[in-house]
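Trainee: Sequence:
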Amino acid sequence: MEITRQRNLIDQAKTLIDHNTAKENLHRIQSDCVDLCCYWLNELICMQILQDKCAQILHQLMVGNCHWFLAQYGHLSKPY
Numbered sequence: 001m002e003i004t005r006q007r008n009l010i011d012q013a014k015t016l017i018d019h020n021t022a023k024e025n026l027h028r029i030q031s032d033c034v035d036l037c038c039y040w041l042n043e044l045i046c047m048q049i050l051q052d053k054c055a056q057i058l059h060q061l062m063v064g065n066c067h068w069f070l071a072q073y074g075h076l077s078k079p080y
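Read in order, the letters of the sequence shown are residues 1 to 80 in this note's numbering.
No wet-lab data here; the hints were simulated from the structure.
No experiment lies behind these values; they were computed from the predicted model shown.
You may find that some hints are simply not true.
Beta-carbon label-pair distances, calculated as ranges [unchecked claim]:
id, residue 1, residue 2, range
1, 56, 26, 30 to 38 Å
2, 26, 63, 43 to 51 Å
3, 48, 75, 29 to 37 Å
4, 70, 49, 47 to 55 Å
5, 49, 10, 58 to 66 Å
The beta-carbon is built from N, C-alpha and C at its ideal position, and this holds for glycine as well.
I would like the entire structure built from these sequences, with the hints used as guidance.
Mentor: Shown next, in the form of structure tokens:
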């Protein structure tokens, strides 16, 4: 009985470690996505846009998407 209890405790500890590792990996990936979006936004802001309506609209949409994404997930950025 004691061996079964110890095995259960070990399994629970492994599950908790796996959960924490997965959570840390997810946060790292999300943080990388936020950093990439910041980079894209900076590039979009610095970009010269042609006098083409389609290019201007696409540029505005991309900038808007970056702003939305950062408003939603910007708190996940890596601390520097």
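Trainee: Against each hint, give a clear statement of whether it holds in the structure.
Mentor: Hints, verified against the model:
| no. | hint | verdict |
| --- | --- | --- |
| 1 | 56 / 26: 30 to 38 Å | 36 Å, holds |
| 2 | 26 / 63: 43 to 51 Å | 27 Å, violated |
| 3 | 48 / 75: 29 to 37 Å | 32 Å, holds |
| 4 | 70 / 49: 47 to 55 Å | 21 Å, violated |
| 5 | 49 / 10: 58 to 66 Å | 60 Å, holds |
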